[in-house]
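> Each protein sequence line maps, in turn, to chains A and B.
For the first sequence, the working numbering begins at 1 and goes up steadily by one.
For the second sequence, the working numbering begins at 1 and goes up steadily by one.
For the record, the hints were derived by calculation from the structure and aren't laboratory data.
The structure displayed is predicted, hence computed values, not measured ones.
Take the hints with a grain of salt, since some may be wrong.
[As the list claims (entries may be wrong)] Straight-line Cα separation of at most 25 Å, DSS-like style, residue types lysine-lysine; simulated pairs: (1) A/Lys-90 / A/Lys-177; (2) B/Lys-106 / A/Lys-177; (3) A/Lys-118 / B/Lys-106; (4) A/Lys-177 / A/Lys-62; (5) A/Lys-57 / A/Lys-177; (6) A/Lys-118 / A/Lys-90.
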Amino acid sequence: MGAAVAGALALLSFTAGVLLARLNFLPTLVIDSADGIGFAALCWMVFAVGVLIGSQKDVWHKALQEGWRLLLLPVGTLLLSALTAGLVGKLLGMPVTVGAAIGSACGWYSLSGVAVAKIWGAEVGLVAFAVNFLRELLAFCLIPLLARFSHLAAIALCGATAADMTLPVIAKSTDPKGALVGLISGGLITALVPLTIALLSWLTK
Amino acid sequence: MTASPTTLLSDLEAPANLVRGAGKLIALKTRFQSAEDLDSPSKFAKFAEKERGGMGWLVFALVMGIVLGITVRLPQTVMRFLDRSLTVSLVVMLTALGIEVAQNPKLEQALSSHGLSVATLLISVSAVSIAWGWLLERGWALLWRER
């Protein structure tokens with residue numbers, strides 16, 4: 001499948017879902033169980049990616065051989081996302097820590113929406129939710145295109161979602177090594193995001 | 001999990017408890033949830049329980065897949081099937097996500113009231129992340145260089 005086709009397919013599928021629900025084309029049963037159906041599909045994809053990674057014996061060796069350099073991607077992505085969002089947020093009239101908290105979520109929209117809303121207020125929480133949800137959606141569309149010239153650029157865009165939601169697309173658009181690096185990077189960012197938001201919350205006090 | 005949102009947030013405010021707070025927050029990962037839904041302790045407990053279960057299934061699926069891939073040498077036809085099923089599953093998952101978004105007014109609300117802030121933050125954060133990944137790959141990290 002071509003990169004442009006894969007990106008367009010992701011966007012089309014999402015748009016189709018929105019339209020089908022908005023135009024009431026779907027029975028209530030399907031709408032009510034959309035969450036479960038989507039999660040089952042995600043589980044299957046993660047399982048399939050696991051098999052693809054596991055069956056490539058040399059991939060583990062190659063990826064782990066990189067050692068500490070593997071940490072540069074997730075740590076740099078998290079720090080730069082937080083720093084950029086902090087500075088841009090300041091230009092938009094937000095406190096630096098609030099902008100940084102929004103950026104540091106790295107696509108983890110459910111956490112950022114809830115945590116930022118609880119700490120800095122519902123309105124900022126709404127912005128955090130939208131920015132991070134759209135980052136994930138953007139990643140779905142851009143991974144196939146980005147992966148053509150840089151695997152790490154595609155993984156960096158995914159942020160925390162590289163360990164779950166966007167992992168199958170990374171695996172499909174890169175190679176087993178890319179999938180493993182995505183899994184490690186996303187997993188580490190996932191562990192660091194709550195700490196970063198907590199630290200920013202503490203700095204605000 | 002029995003913690004209330006209040007205890008969760010008070011944990012986050014003390015640096016000494018960052019790790020404990022992180023552990024609790026990790027249980028919040030995935031799917032839509034609004035801050036109002038977490039207002040009552042019972043709702044929060046139900047939500048946390050559900051989310052923890054969801055993450056558990058994902059980790060289980062991944063570990064099972066890796067173990068199967070390592071221990072069993074699967075025929076090429078099965079591998080091709082798995083590879084193709086990724087595309088079909090992706091379409092199903094994104095369509096379901098679209099249905100969920102259509103039912104959730106939060107995104108529309110944020111875009112209509114803070115469209116400029118959302119777009120500016122999204123573009124800047126995404127561009128910097130892409131640039132960082134590209135720099136790592138092309139420049140000094142040598143992650144992708146064949147040895």
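> Under the criterion that the straight-line Cα-Cα distance not exceed 25 Å, is the pair A/Lys-57, A/Lys-177 satisfied?
Status holds; Cα separation ~10 Å.
> Holds or violated: are the alpha carbons of B/Lys-106 and A/Lys-177 at most 25 Å from each other?
violated, 37 Å
> Given the hint that A/Lys-118 pairs with B/Lys-106, test it: the Cα-Cα distance must not exceed 25 Å.
Between A/Lys-118 and B/Lys-106 the Cα gap is close to 16 Å, so the pair holds against 25 Å.
> A/Lys-90 and A/Lys-177 were given as a pair; does the straight-line alpha-carbon distance stay at or below 25 Å?
violated, 38 Å
> Is A/Lys-177 within 25 Å of A/Lys-62, Cα to Cα?
holds, 8 Å
> Given the hinted pair A/Lys-118 and A/Lys-90, is their Cα-Cα distance within 25 Å?
Satisfied, since the Cα-Cα distance of roughly 20 Å is no more than 25 Å.
Taken one by one, the earlier hints fail for this structure at numbers 1, 2, listed in ascending order.
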